[in-house]
Amino acid sequence: MRTDFGYFEEKKLGKPYDVKLLKRLYPFTLPYKVLFACSILLVVFITLLDLSLPYITKIAIDRYIVPQIAPDKLENRDSAKHKTGHKTRFLRADISDPEIKTVVNNYPDLFKPDLLGSDLLEPDLLEKHGNFAYIPFDKLSRLSKKELAVLRKEDLSGITGITSIFLAIIIINFVLNFIRIMIMELAGQKIMHDLRIRLFTHIQGLSIAFFNRNPVGRLVTRVTNDIQNMHELFTSVIAFVFKDLFLLIEISLVLLSINWQLALVSFIVLPFVLYASVHFSVRARDAFRTLRIKIAQINTRVAETIEGIKVIQLFLHEKRNYHNFARLNHENYRAGMQQVRIFAVFMPVIELLGAVALAVIIYYGGSGVIAENISLGSLVAFIAYMKMFFRPIRDIAEKYNIMQNAMASAERIFQILDNRESMPQPVVSSGSSPLSIDKIHEIALENVSFSYITDETVLKGVSLKLIAGETIAIVGRTGSGKTTLINLLARFYDPVSGRITINGIDIKNYQTSVVRSKMALVIQDPFLFSGTIRDNISQGKTDISEEMMGQVLEASNCKTLINRLPEGLDTILSESGASVSSGERQLISIARAFASNPDLIILDEATSYIDSETESRIQKALFNLIKNRTSIIVAHRLSTVRHADRIIVLHKGKIIETGSHDELMQKKGFYFRLNQIQL
Amino acid sequence: MKSLHLIKPYFSENRYLIIFGLICLIAVDILQLIVPRIIKWVVDDLTLFNIDLTKLSSYALYIVAIAVMIALFRYGWRRCLIGTSRRAEEGLRNILFAHIQTLSASYFDRVKTGDLMAHATNDIQHIRMAIGMGMVALTDAIVLGAAAIGFMLYINKLLTLIALIPMPFVVFGARFFSKKMHRLYGEVQKTFADLTEAVRERFAGIRIIKAYNREKEESLKLEAVSKDYIDKNLRLARITGSFFPMMLLFSNLSLAIVLYLGGRQTIGLTITPGDFVAFISYIGLLTWPMMAMGWVINLLQRGRASLDRIDRILQTRPDIVDIPGARSITDAEGKIIFENVSFAYKHKNLPVLNKINFMVDKGKTLGIVGPPGSGKTTLISLIPRLFDVSSGRISIDNIDISQIRIFDLRSLISFVPQEPFLFAGTIRENIMFGNNKIKDSALITATKKASLYDTIKLFNNGFDTIIGEKGVILSGGQKQRLALARAMLKQAPVLIFDDPISQVDVETGNDIINSIRSMAGEKTIIIVSHRLSAVRFADQIIALDMGGIVESGTHAELMEYDKYYAKTFRLQEIEEELNAH
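Each protein sequence line maps, in turn, to chains W and S. Going by our numbering, the first residue of the first sequence is number 20, and it counts up by one from there. Going by our numbering, the first residue of the second sequence is number 44, and it counts up by one from there.
Just chain W, same shape as in the assembly (with noise of 0.2 Å):
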């Protein structure tokens, strides 16, 4: 037997697959466009007020806080830096208001009518020279705080204003934020949930030869872990992609139209920060692979330890494996090392372009500043900005270790998606309906030859056929092929060679659920699913009378383990189902099949854990419950087949004896030895 997962698997790490993966993931984000569109529209809202945040600190400043004097207003800047000596900021007072006329005139040194006059200011003057006062900013300290509070009455009603605009923004914020976290989660899991319906469909449909290869606990962990490991790629990886790209953009022009020029100058370190980037995800992918594998090896040497535990200990293995282990380890330590020291340069390197980008800023908007060009508020703006500009940059960088998991995951689950293993099934042109089968009245092997691993013949040429009322036995030692025989009938495999008919067609002419909706089989290990005993009985049919179930229960003699529980048929069956033991759930699978009122009842080796006065008393029962039905039963012990109408002696895929208990016995041959040793 092959395997094509595991230990193999690691290798086939490297190819990047991510492009082509995301493609065939998209499909199933589909169905959710709307919500994702949302969610998008969302994050765009979102950085949009995120952004406003420090727009709004700016008009605080350049408004209310430090208010800049209108250019319009100074005809003539020039000479106001002349006379003073260097630039000074102004204060305009509106003198209109008596309050902060009466302030004006408290410091008639202190204000000028105009922006040109080194003229102390004359009461009568004002009159003449309009609503306005001018009082430079370094000369307001030497009023009094009442006073100031009387001249900047509108800048502090204005700070108010913009505050409470400020906290609507964010409390808005904080809504939206919400929303859209649910919105995402929301959609990740039905994504989440569609992948894993689809996923289980589709091993469940897979043949039972996919099963036999593939260790159950290898399939569990595609349907659940696999698809949790791209939880966070779908609800938060691509929308913040969106939005730290958004954010980008949005930044970039911000910035732009706050100050093209100053923004084109900062935007000098961003073909660094690209170059910086790539460089960087192309090493961070390869250590982050190296990991995930010394990763897989570590734990692939913890299972084999522990399930060899045994043979180490008893061949004194422990100091050997032990440094086996250690290497490996110290292999993932210095991979770790690896990861350590890529992020180690690239956040660091991020930050210093960062820095260079703030200091080009701080010059150019600076110098911009002295001239005049560019306002103080819109400065400090856009370090505010630039602040912002690096951050998505870094995390997108972090979200690519998530992504890299995610996709790791995702190509094992096409893996398993691609794998069309599943029986074939009869094409059914549209015109006809699909062949069903009303009555089961004869089924044929003819030739049958089967084998799981090519050269391993389990079954050579064997030819058998049923009559409707008829109950055959299987007899021979394990391995001789009688499970793989039914196998064959309920079509979990199909026959190298030969043919298996039933009412003289082909099985593989029927859908393979037609087949199976004829035959109940009881297979030696019981499996009972968790659920009530009614529910195992019953499997979902609804329209099964408690009459019908009471002679079901009656035949299968599960009449005194019902009573015994006091929750009756309603006993919930746990994993272990530590309150039934092997022999009664081997009752209960017999009710099962009794339940689902088949054609045809297998019973393979159904009474092997049943002590003989149980499967006596049951053998009667079933003998009366099959009379009608046509009926194969597989078993150990000869007193199980007796009276069989016929038995069928395999040994190594071949049927070496055939005829009923009496005609066996007198031909003396292996059947007969058989008995006379069992008896």
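Treat the hints as calculated values from the structure; they're not laboratory data. Careful, some of the hints might be misleading.
Said to hold, decoys possible - Straight-line distance between alpha carbons at most 27 Å, and here's what the computed DSS-like set of lysine-lysine pairs gives: (1) W:K209 / S:K264; (2) S:K533 / W:K329; (3) W:K687 / S:K606; (4) S:K610 / W:K671; (5) S:K275 / W:K418; (6) W:K687 / S:K533; (7) S:K264 / W:K560; (8) S:K270 / W:K52; (9) W:K329 / S:K200; (10) W:K338 / S:K200; (11) W:K158 / S:K200; (12) W:K458 / S:K259; (13) S:K264 / W:K172.
As the list claims (entries may be wrong) - Just so you have them, the derived chain S footprint on chain W, three or more residues with Cβ under 8 Å: (14) 343–356; (15) 367–374.
From a predicted model like this one, the values you see are computed outputs, not experimental measurements. Where a beta carbon is used, it is the ideal one built from N, C-alpha and C, also for glycine.
Place chain S on chain W using the hints.
Chain S only, in chain W's frame:
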């Protein structure tokens, strides 16, 4: 926090690295705090037009210079602190692994392999995160938080205090929410386990599902479980979805307070516009430590939980240990005596073996037969002390085996278990099992004895063929013979075989039995077998049933007795006869 002692060594071992790393980290934090100061100076100077281009360029240069230093220090702490956490990860994993190897077989019957694997990877990774990022985030939060608050206090005490009003809410909020998150996360985990079990159960019972055409219904059932999982996740998302935006809301509230009060104070000339801008920067600086505190608490809690789990494993003492003053034995003749030996697996009450008595003399062969579950494998597992007897006594050369050092005892025994255990590696590695001193000639002899040599010759790479995980490329019989060769190579006076020819054809089986027979006389041999032809030659054969000896004697005696052994033997004879056809 008693489990802390586990990681202490790594702290002291790397203390210089850690100290250096922490210095780097604190340097980064302090340097980061200087940047807003420079921005403040720039803004203040620009407000008053009190600046020229030279001064401006020197400010810009300061920022670049500081950034370069920050970058270097950042590299420093990442290497030192995160590196230390990686070092601790490696060390802890080694300790755990070494410890697991010492535990007795019965421990592994109780514990799921998956759980132990989770401990060796996930839990240790959690601890690494708690050590590395935990150390960084904690230091960061404390230093940055304290410094930011310090600077703010320096600028204006009242404003600082008022601006910090939302901060305690952040801390309380973090605590409140992390408790809720913890609970809901537990529920999500539980549902996930349900989901896993639902999937497992359906795949395990796939034949029944297919036989009863239950595919659709089972898909629907799984859908229901999966939907439940979605619900639980969404409930968790309600909490996480409000937690992080709420943290942001609180720190933005601080910003609003600064905007309002700080703005008024700037207008009132209590603080300069530069102070105002710096204040806003500091609030921004404070957001991260506050958010980080919640995260750190989470990280540390998770790490502590993992550390406790690891510690619990390390606290588990192996059931089977050397008694104080155990005897050291280098060689033995190999006379084995069982006296009144009874045994019960601890977690089950029924005794598996009941008052077993027998003796195998030096160089003699004992065959053990019996139906499945009669206690054969358990019996031979007691000899190398994979399990200890519940009562009675086993001795080798008249020395109670519990008095012998385990290492010495196991050196005396060459054991071939029922399930051949092979690990991913070459055939040579699997046979030599780490004993590199063995010469090729000895290797060939051993493989010939196990009827494996001809098979190996067929492989392209011979002894250096890689056999894959659990020997996937080999057939069952080949695996079994490989395990035999391993045992043949080990020079030990006692040989124990657990069903050595169950998976090989009759002819190979006979060859192997002949090899085993050839060692009879010089070695003490015990063979358990379902194929009675493998024990026929034994000096003594015992048949077990329900944990007791029901038949005992030579082949001839037992055939005479005409019970289990004789019946089974005749049955197998008929089969072999049929096989010959």
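Hint check:
The suggested pairing of K209 of chain W with K264 of chain S holds, with an alpha-carbon distance near 16 Å, which does not exceed 27 Å. Taking the CA atoms of K533 of chain S and K329 of chain W, the gap is about 16 Å. The hint holds against a cut of 27 Å. Between the alpha carbons of K687 of chain W and K606 of chain S the distance comes to roughly 22 Å, so the proposed pair stays at or under 27 Å and holds. Of the supplied pair hints, the one linking K610 of chain S and K671 of chain W holds, its CA atoms being roughly 21 Å apart against a limit of 27 Å.
Proposed proximity of K275 of chain S and K418 of chain W is supported: the alpha carbons are some 25 Å apart, at most 27 Å. With a C-alpha separation of about 49 Å, the suggested pairing of K687 of chain W with K533 of chain S is violated against the 27 Å cut-off. Taking the CA atoms of K264 of chain S and K560 of chain W, the gap is near 14 Å; set against the 27 Å cutoff, the hint holds. For the given pair, K270 of chain S sits about 20 Å from K52 of chain W by alpha-carbon distance, which is consistent with the 27 Å threshold.
Between K329 of chain W and K200 of chain S the CA atoms are separated by roughly 69 Å; this puts the pair beyond 27 Å, and the hint is violated. At most 27 Å may separate the alpha-carbon atoms for a hinted pair to count; K338 of chain W and K200 of chain S exceed this at roughly 64 Å. Proposed proximity of K158 of chain W and K200 of chain S is supported: the alpha carbons are some 25 Å apart, at most 27 Å. Among the hinted pairs, K458 of chain W with K259 of chain S is consistent with the structure: their alpha-carbon atoms are about 23 Å apart, no more than 27 Å.
Note on K264 of chain S and K172 of chain W: the hinted pairing is violated, with a Cα-Cα distance of about 69 Å set against a maximum of 27 Å. Under a criterion of three residues with beta carbons nearer than 8 Å to beta carbons of chain S, the stated coverage of the segment 343–356 of chain W is upheld, 8 such residues being counted. Residues of the segment 367–374 of chain W lying with their CB closer than 8 Å to a CB of chain S number 6, which satisfies the three-residue condition for coverage.
Consistency with the previously given hints fails for numbers 6, 9, 10, 13, ordered from lowest to highest.
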